[in-house]
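J.: Each chain is listed here by its residues.
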Amino acid sequence: MDPVVLFFLLGVAARLAKSDLKLPEALYETLSIYLLLAIGLKGGVELASQPLLQVAPQAFGVIIMGCALPLLAFPILRRLGGLSQANAASIAGHYGSVSVVTFAVASAYLSKSGIIFESYIPLFVALLEVPGIVVGILLARMNQNRDISWGALAHEIFLGKSVVLLGGGLLIGWACGAQGINPMRGLFFDLFKGVLALFLLEMGLVAASRIADLRRAGTFLLGFGIIVPILFAMIGVGVGRAIGLSVGGTALMGALAASASYIAAPAAMRIAIPEANPTLSIGAALGITFPFNITLGIPLYLHFATWLEQVLPR
Amino acid sequence: MDPVVLFFLLGVAARLAKSDLKLPEALYETLSIYLLLAIGLKGGVELASQPLLQVAPQAFGVIIMGCALPLLAFPILRRLGGLSQANAASIAGHYGSVSVVTFAVASAYLSKSGIIFESYIPLFVALLEVPGIVVGILLARMNQNRDISWGALAHEIFLGKSVVLLGGGLLIGWACGAQGINPMRGLFFDLFKGVLALFLLEMGLVAASRIADLRRAGTFLLGFGIIVPILFAMIGVGVGRAIGLSVGGTALMGALAASASYIAAPAAMRIAIPEANPTLSIGAALGITFPFNITLGIPLYLHFATWLEQVLPR
Amino acid sequence: MDPVVLFFLLGVAARLAKSDLKLPEALYETLSIYLLLAIGLKGGVELASQPLLQVAPQAFGVIIMGCALPLLAFPILRRLGGLSQANAASIAGHYGSVSVVTFAVASAYLSKSGIIFESYIPLFVALLEVPGIVVGILLARMNQNRDISWGALAHEIFLGKSVVLLGGGLLIGWACGAQGINPMRGLFFDLFKGVLALFLLEMGLVAASRIADLRRAGTFLLGFGIIVPILFAMIGVGVGRAIGLSVGGTALMGALAASASYIAAPAAMRIAIPEANPTLSIGAALGITFPFNITLGIPLYLHFATWLEQVLPR
Amino acid sequence: MQTFDKKILVIIGESALEKFLVRDIKPFGAHGYTVMDVRGGGEHGTREADWEGNRSIRMEVICTTDVAERIAEHVLNKYCANFSVTMFLADVSVLRPEKF
Amino acid sequence: MQTFDKKILVIIGESALEKFLVRDIKPFGAHGYTVMDVRGGGEHGTREADWEGNRSIRMEVICTTDVAERIAEHVLNKYCANFSVTMFLADVSVLRPEKF
Amino acid sequence: MQTFDKKILVIIGESALEKFLVRDIKPFGAHGYTVMDVRGGGEHGTREADWEGNRSIRMEVICTTDVAERIAEHVLNKYCANFSVTMFLADVSVLRPEKF
Ligand SMILES: Nc1ncnc2c1ncn2[C@@H]1O[C@H](COP(=O)(O)O)[C@@H](O)[C@H]1O
Ligand SMILES: Nc1ncnc2c1ncn2[C@@H]1O[C@H](COP(=O)(O)O)[C@@H](O)[C@H]1O
Ligand SMILES: Nc1ncnc2c1ncn2[C@@H]1O[C@H](COP(=O)(O)O)[C@@H](O)[C@H]1O
Ligand code: NA
Ligand code: NA
Ligand code: NA
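Chains as they are written, first to last, in this note's numbering: chain H, 12 to 325; chain W, 12 to 325; chain C, 12 to 325; chain E, 178 to 277; chain P, 178 to 277; chain V, 178 to 277.
With the rest of the complex left out, here is chain H (with noise of 0.2 Å):
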């Protein structure tokens, strides 16, 4: 198992253990924002060698399952689990955006796995974020006269601290190109690896705290956290090998697909449909989906990838 998941589950031990560790809010929040440029900038300098008109494609393709997944998200959480309008919404939002952390988790497993990747594809973690989270609203407001603000969450979905690091990370990469971004990769390349292990010890602490308020909010949600993701893994390396993508790079459609985001979707949700109840999207996404993803889910859909490639060369 990769080391940086042993930090993830050192945390949960230590938070289910009752240990008084607890990392400094700044420094959560530190991390995160670092992870988010990092993971930019290498997409940006990346895509800077890389001709725009053949990642177009790709990148439209990205964003019709972005909105996609939400749609099929909804009925379940609406039927099967019965849930109210809102939170059923809210959910499938989250789990329609992406997890930009499993996405580092699963690039690493595919680097340590010396599965090659196309290196661009953080340019398809900052295009999936959005998608997701507009569908949900929509599914939300869906035959309700109450009209939406657009503009409001525009700014709350556009805005937020997530799309405008990685997005901004994007853009100086691709705007620097690798050697412009050179002097400073001691500080964003080189420890990327360290942050991301330090910052899944800090996930594993929020986690195993997020299962517990969960465990309150009934069981339909525990199973959706592990099925679906697996189901929506599915289709992303449908996805993910229809345009034309790497073994390595289907799989990371794969675990972009199957992960639920807990940065931009959680604060877009709160404001934009604040009926719904935080504690079992947080508690789905955190508590179940992204243990199950970064542990158990992203070498299942590396085996997806593979499978695919078996039965359907190209």
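Since no wrong hints were added, every one of them can be taken at face value.
Derived pair list, reagent style DSS-like, types lysine-lysine, alpha-carbon separation capped at 27 Å: (1) V:Lys-183 to E:Lys-276; (2) V:Lys-276 to P:Lys-255; (3) V:Lys-203 to C:Lys-29; (4) H:Lys-29 to P:Lys-196; (5) C:Lys-33 to W:Lys-33; (6) V:Lys-196 to C:Lys-29; (7) H:Lys-33 to P:Lys-203; (8) H:Lys-29 to P:Lys-203.
Hints were generated in silico from the structure; no laboratory data involved.
Dock chains W, C, E, P and V with the ligands against chain H, hints included.
T.: Frame of chain H; chains W, C, E, P and V with the ligands shown alone:
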């Protein structure tokens, strides 16, 4: 444009777009502590390999300049700006002192342009922080029978964060030399450029709000914040040349003269000249001069230096 | 003198001079989390390449020492110091446990002096944290009919920040081995020395204020805080030699025995022996012993080790 | 020393509300506000500030009884249904009545 | 607007007490609490929060007079002998009495 | 439970004032103080604590009415002309009157 400047612009853009992006206070604090220490260490290490007797006269010239600049700024602020004695004196003090980060951006710009400079110049940065502030305070107290408690003031000025860290770093670097500091390169040297970028992101957020403050404060300072730095840069370039610095060093002297302090001076002035309105001094220093210097100013000051070299070869 | 120690002295000087310099709480917290994890990881990685069966008996000897030291300190504090049972027991516990940063400075000193040592000694650091504290608590409860809630205490002691991070780091490092940890070297190994320096700067600020506290608390502890560490160092050196460590390892055992805990012990003692006055234990541990050890103590303890090697060759 | 009676309204709630509260109070006649970061627990469970969604703030507004009550009512109606919010009012006295 | 009288109990003390206070207050009938990190000084010297052992917290509990007094007495007896603690009570009025 | 009436003086202002306030209050007879970092807005604009010059603190001092008023007057005269400061007083009751 140097990538670090793009981080600054990202911060400005995020703030103007009213993004929620906000770096934790503790991170801002940490980054500035790091930058002050790292610049000090670097300068100290270089100083260790210099004959002090050769540097001493240069240092003397530099201090003279630090005392002269506020004396030039004061009448401009008083006469043309029609500012109160306290405000004029305080602003003069800010512009008499220097901005460590402007210096860092300038050195980065020179290195990027492949222009060498005297690597012990951080010593001059440390030396330039204090005199401008002291003269500014004297200007405020001029023809007032109220006497000054120099003890308390000296404490404020010499024991402030920036003087202690920059000076302390210089001493430690000088005492240990390159070899002694070597095991710390990883933190203090290899990460420098990246930390600078992160700090500039934060500075962008801060500067953008300062401009808003300043707009309320009238238009004179907008002009002052751009024209005076250019004039000061010419003086700085002249002094740099006079004390026999290389073209690169001369350009750095220009940037230092043009820069306005936003750490040491604001803290000291708030205590020493409380009747001065900090919105004005900070608005000009952070909102106008800092952005101007790191974007357009520094390249311009390098032109001054190269031009002087041509018209007046050694 | 090692540069990191100069950072400590800079902090002390800044504080004694009443400088405004203040590191953010979150930074202090972050640096100590980093150091505990990094030391643990480093030790774990080394441990992974050791035959555990050879280390086990050494570990056993180390634990015995950890239990013995407070039993020696207690009567000195009680008889000579005339301290209350609670205070004597608490202080004995602090000195029975160890200071992770003192260990880090000692290893840095040895590396700088080109003296090799058993690289898995961080294991002993982790093992030495707890026994001293437990014995200290028992000494406080001795001949008191009030019974101890060991459950709660065990929780305080074993789930405190430092044990969890140091132990967790050891486990992860041991589980992943050098190769697994390699991608994290950038953060956890390459930055170590610099982070240690930054932390010592903060420790200097803290220690300087502790001395002030202590001065009010009488002079006995001033002597205790220097003489007892020297005595303990001799014991530590003896134990180190007895369990067959190299000269370097023996010197480190001396430094560990001489060091007093200022993270694990204060937290545990405050809960377990609330009637003890923390000003005394912390004043001695942080205000006297820590500064003495990292400046004069460590070189002295190395002398002990080399001397022992000469008079008693293997 | 002459002092003047005012009210202090304290609003404790999710950090997400901060910018909205800052925006909302002015129109009711509040001249200022003070915010601090807090953690806590109540009917909606514990909010330990261990990640973004879990942070809380405490805002205090010194103003006239009338303004305080109108803000309180506004917050009650607009936010308390969907957000974790605790409010209370208390009597305070100030030296510069025109300031509040 | 109808308001209801309650008490606020404020406990300022060493951070080490936080988890014990959170645990202790519930049985006395407190429905919630708010905690913030503070620094300060008093009889036991200054606590500047410059390292672990030196941090302080400020907890406020809004509750009935009876609950407030019983918690205060408990804290006084259990912690004030050995820990740096400051407590005070004040009158507050709330809109939702059932909440406290 | 017997309680004793005291005053609490709350001073909200620029962080630069902290060390001066800590120094100034003792001579007036304050036995202690508590400080926390805050942000806020008022006549002098918003202070968002986004950099050094923009930080604010909130100090509370529990003491006798007399001491509170004398400190308040001192702060008003010495600092309010040039610094962003907000002050208010409130009634509190304590268990250990000798402490304040
Ligand atoms: N009785 C109380 N006393 C003090 N603070 C409270 C109380 N109840 C709730 N709070 C605070 O208000 C926040 C939201 O409360 P609630 O909506 O009851 O969960 C909690 O996280 C606490 O910070
Ligand atoms: N008179 C006071 N006013 C406000 N806060 C106080 C007062 N006295 C003590 N405190 C706070 O309570 C903590 C413990 O007080 P003490 O036990 O007196 O040292 C101090 O560190 C302060 O934060
Ligand atoms: N009406 C108010 N209620 C609460 N806090 C206030 C109020 N007015 C001002 N403040 C606080 O006091 C600081 C200085 O106030 P001012 O001098 O009015 O700008 C502000 O930054 C706020 O933190
Ligand atoms: Na997804
Ligand atoms: Na200047
Ligand atoms: Na020891």
